Amino acid sequence: MEILTLLIIPVITATACVFIKKHSISKYVSIAGSFIAFVYNIFLNYNVYTYHTLSGLNSFFYLDALSILSTQIVTLVGFAAALYSAGYMEAELHEGVFREKKLRWYYFLFHMFIFTMLLVCVSNNLGIMWVAIEATTLATTFLVGFYNKKPHQEAAWKYIIICTVGITLALFGVILTYHSAKGVIGEIGYALNWSELITVADKFEPHLIRLAFLFILIGYGTKAGLAPMHTWLPDAHSQAPSPISALFSGVLLNCSLYGIIRFHILTSKCIGPDYSGTLLMIFGLISVLVSVPFILIQKDYKRLLAFSSIEHIGIIALGFGFGGMYGVYGAGLHAFNHAVVKSLLFFCSGNLFLKYKTREIENIKGAIKTIPITAVISIIAIFAITGTPPFNIFVSEFMVLADGFSSGSVLSIVFSSLLVIGIVLIFIGFINNMFKMIFGSPTTDIPRGEVSKFTIAAMLFLLFFVLVVSIYVPPVLNEILHNIYDIVRNA
Amino acid sequence: MTEQVIVSSRTIDILAVLMLMMTIVLVGTSRLRTSIWAYAIRSFLLTWVSGLIAYFSGIHHIFIATGISLALKVIVIPGFLFYIVNKTKVKTEVESVINYTLSLLISCGLILIAYYSMQSIIKFENAFMGHCLPVSLAITLLGFFVMIIRKKAITQILGLLAMEDGLFFAALSTSYGMPLIVELGVFFDILVSVIIMGIYVYRIKETFDSIDTDSLRELKE
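As given, the protein sequences belong to chains W and R, one line each in that order.
Residue 286 in our numbering sits at position 286 of the first sequence; the count goes up by one each step and never skips.
To get our numbering, take the position in the second sequence, counting from 1, and add 491.
None of these hints come from the bench; they were simulated from the model.
Computed from a prediction, not measured in an experiment: that's the story for all the values here.
Certain hints may be false.
[Said to hold, decoys possible] With a cut-off of at most 25 Å between alpha-carbon atoms, the simulated DSS-like pairs for lysine-lysine come out as follows:
(1) W:Lys-365 - W:Lys-453
(2) W:Lys-158 - R:Lys-711
(3) R:Lys-578 - W:Lys-357
(4) R:Lys-578 - W:Lys-365
(5) W:Lys-369 - W:Lys-269
(6) W:Lys-22 - W:Lys-102
(7) R:Lys-711 - W:Lys-299
(8) R:Lys-711 - R:Lys-582
(9) W:Lys-150 - W:Lys-299
(10) R:Lys-642 - W:Lys-299
(11) W:Lys-357 - W:Lys-101
(12) R:Lys-642 - W:Lys-22
(13) W:Lys-203 - W:Lys-182
(14) W:Lys-158 - R:Lys-642
(15) W:Lys-436 - R:Lys-696
(16) W:Lys-357 - W:Lys-369
(17) W:Lys-21 - R:Lys-642
(18) W:Lys-158 - R:Lys-582
(19) R:Lys-642 - W:Lys-150
(20) W:Lys-22 - W:Lys-158
(21) W:Lys-150 - W:Lys-357
(22) W:Lys-149 - R:Lys-578
(23) W:Lys-436 - W:Lys-299
(24) W:Lys-102 - R:Lys-580
(25) W:Lys-101 - R:Lys-696
(26) R:Lys-580 - W:Lys-150
(27) R:Lys-711 - W:Lys-436
(28) R:Lys-642 - W:Lys-149
(29) W:Lys-102 - W:Lys-182
(30) R:Lys-580 - W:Lys-149
(31) W:Lys-149 - R:Lys-696
(32) R:Lys-642 - W:Lys-102
(33) W:Lys-203 - R:Lys-580
(34) W:Lys-453 - R:Lys-580
(35) R:Lys-696 - W:Lys-150
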């Protein structure tokens, strides 16, 4: 019942937003809805903290530490993005970029997007999880193509085609898993429930499960932005409105990776962690390395942030691939850290875009003088995202690396060394490109001052979490991350 | 095995081959209308298989899935695609890098790959659906292949639908379909994704004055 409530909140908000014509009202409805979801999820957090797992509706829903971390990220970034949307979309509305009528659908899809992502995280049935992951694509295609000009349509088309093909391949993985589970469990209705599968996974046929994991990794990996299936990602992230880019980067990628990790655990239980772990490591490392050159030479700051997301998803995959205590703990923490920091950066980029009306790095100078608050927050966020101490991403990247170097296998050590090189190069690329926009003197025709109070509020909200986790990991988060390790290891 | 089951098992084999042929039509034709007809016929054959399985296994939920499949894949989606073709007034596919003869040859290769890879991986305990898994993988691969080599946006949608048909067939042949709630979800997703893609085909036609995906080349580094 508790879980159902969590899912109903965004649906109600979405429906309400369709019927409210004035943006001056609907923005508050949207903020309130996502805030309730956020607070409610914290309450659920404590439930999982006490009971470890929750299930509901005839075990249709299932909530453990792994899923609660994902829903926490969804609702947290979802609230921040709703807050940010209020300011950002209103500013664009005043400029006449689109008509007020269109905003109703923006908010509807926005909250349906949140709903589908929550459904991914809480469904016990792996088939429903597949349906939900595909549904996230469907909910967001019109958001990617929101401005409906040539580049936006191109991005939306690529997005829906590439992601749907990927996810279709993943369906084959689900079918194979179902087939092997039916051989063991027999009963039809429950044979795809994760809580059932995990108890019998060791009896599955090894070659079937191997093939299944491969299809899942390629399929959901497409949606998670793992290289080389990432080609839709920079286009979609750069063409979508900034609050949506933040949700894409911070949350959507995590949700797809969540799907992969579920199957990773099943596969590990069946044939040991080496096979799926090594595959995760390989795709993770490729993602990090692929993003390096594009970050170094990037001309468009939103694309730069998109490639950085590919890098960080790679790091999370590497952490789960290494599979030790620090690796898994670090990967979970990294998912959280990356979500807050990257969303924060996309918000900064949105403010830059509102002010300068361009996405070219070269055409922006002196942000520190025109939009000082955004600029200062950006500086912190840039240092955080590149893994500079003392910020939160440094902590989680360090844990992942420590696990890689200490695991003892040659492969992990080689991969960790390459990861260090990648991180250093990306640091150079980031500092080089982003600081060009912040410092210098602005061209005279740019008016001074921040565009909207809402955007600043959303950024301060996220900044709070960045700074808190930089100082210490809150006990609830710590407990959840330990539980995630237990879930992964007991497999 | 009773006489009746053997007969229907043969029927399913024949239907599977016909489905594969309809997918090859998709690879080999340049006319969009023919491709959509091929899709509709293949969906009808798939529904037929699903109906046979429902009849012989006596599992209720397969009947429901069959009914929905008939309505959706045989009537609604092809109808919608015809509507889009009429609206955009695009009738034929353009010659791509890989011409039609060569692509047919490659298709043969893909079918062989599907057959051999599946035979080594899955031991067929289920003689009722003996040769279906390789065929379903072949249909999926051919759909994927069509998406890569063809340029019109509508043909890409048809390729995707072929992939999905192949997977449905795989689910039917390995485990009599997925649980009903999952199948309903998958049907819903397919319907919505085809509608969204159709809308985008129309929009792209309006803005770019063509539905060649080659014209979508603005976004790159």
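Status of each hint after checking the structure:
1. W:Lys-365 - W:Lys-453: Holds, at about 22 Å.
2. W:Lys-158 - R:Lys-711: Given pair W:Lys-158, R:Lys-711 holds - Cα atoms ~12 Å apart, limit 25 Å.
3. R:Lys-578 - W:Lys-357: 36 Å, violated
4. R:Lys-578 - W:Lys-365: 47 Å, violated
5. W:Lys-369 - W:Lys-269: Distance of about 56 Å is beyond 25 Å: violated.
6. W:Lys-22 - W:Lys-102: With a Cα-Cα distance of about 11 Å, the restraint between W:Lys-22 and W:Lys-102 holds, given a limit of 25 Å.
7. R:Lys-711 - W:Lys-299: Measuring from Cα to Cα gives roughly 11 Å; hence the hint holds.
8. R:Lys-711 - R:Lys-582: Violated. R:Lys-711 to R:Lys-582 sits at ~30 Å, over the 25 Å cutoff.
9. W:Lys-150 - W:Lys-299: 20 Å, holds
10. R:Lys-642 - W:Lys-299: 29 Å, violated
11. W:Lys-357 - W:Lys-101: Holds, at roughly 23 Å.
12. R:Lys-642 - W:Lys-22: Since the Cα atoms of R:Lys-642 and W:Lys-22 sit roughly 42 Å apart, the hinted pair is violated (cutoff 25 Å).
13. W:Lys-203 - W:Lys-182: With Cα atoms ~11 Å apart, W:Lys-203 and W:Lys-182 stay inside 25 Å; holds.
14. W:Lys-158 - R:Lys-642: 13 Å, holds
15. W:Lys-436 - R:Lys-696: 39 Å, violated
16. W:Lys-357 - W:Lys-369: Within the cut-off at roughly 16 Å; holds.
17. W:Lys-21 - R:Lys-642: Status violated; Cα separation ~40 Å.
18. W:Lys-158 - R:Lys-582: 23 Å, holds
19. R:Lys-642 - W:Lys-150: Cα-Cα ~18 Å, so holds.
20. W:Lys-22 - W:Lys-158: Cα-Cα ~33 Å, so violated.
21. W:Lys-150 - W:Lys-357: Between W:Lys-150 and W:Lys-357 the Cα gap is close to 17 Å, so the pair holds against 25 Å.
22. W:Lys-149 - R:Lys-578: Answer holds: W:Lys-149 to R:Lys-578 is near 20 Å, not above 25 Å.
23. W:Lys-436 - W:Lys-299: Judged against 25 Å, a Cα distance of about 11 Å means the pair holds.
24. W:Lys-102 - R:Lys-580: 28 Å, violated
25. W:Lys-101 - R:Lys-696: 24 Å, holds
26. R:Lys-580 - W:Lys-150: Given pair R:Lys-580, W:Lys-150 holds - Cα atoms ~20 Å apart, limit 25 Å.
27. R:Lys-711 - W:Lys-436: Holds, because 22 Å separates the two Cα atoms, which is no more than 25 Å.
28. R:Lys-642 - W:Lys-149: The given pair, whose Cα atoms are some 21 Å apart, holds under the 25 Å limit.
29. W:Lys-102 - W:Lys-182: Between W:Lys-102 and W:Lys-182 the Cα gap is close to 47 Å, so the pair fails against 25 Å, i.e. violated.
30. R:Lys-580 - W:Lys-149: 22 Å, holds
31. W:Lys-149 - R:Lys-696: With Cα atoms ~12 Å apart, W:Lys-149 and R:Lys-696 stay inside 25 Å; holds.
32. R:Lys-642 - W:Lys-102: 31 Å, violated
33. W:Lys-203 - R:Lys-580: 55 Å, violated
34. W:Lys-453 - R:Lys-580: Distance of about 49 Å is beyond 25 Å: violated.
35. R:Lys-696 - W:Lys-150: 11 Å, holds
In this structure, the earlier hints numbered 3, 4, 5, 8, 10, 12, 15, 17, 20, 24, 29, 32, 33, 34 are contradicted, and the remaining ones agree with it.
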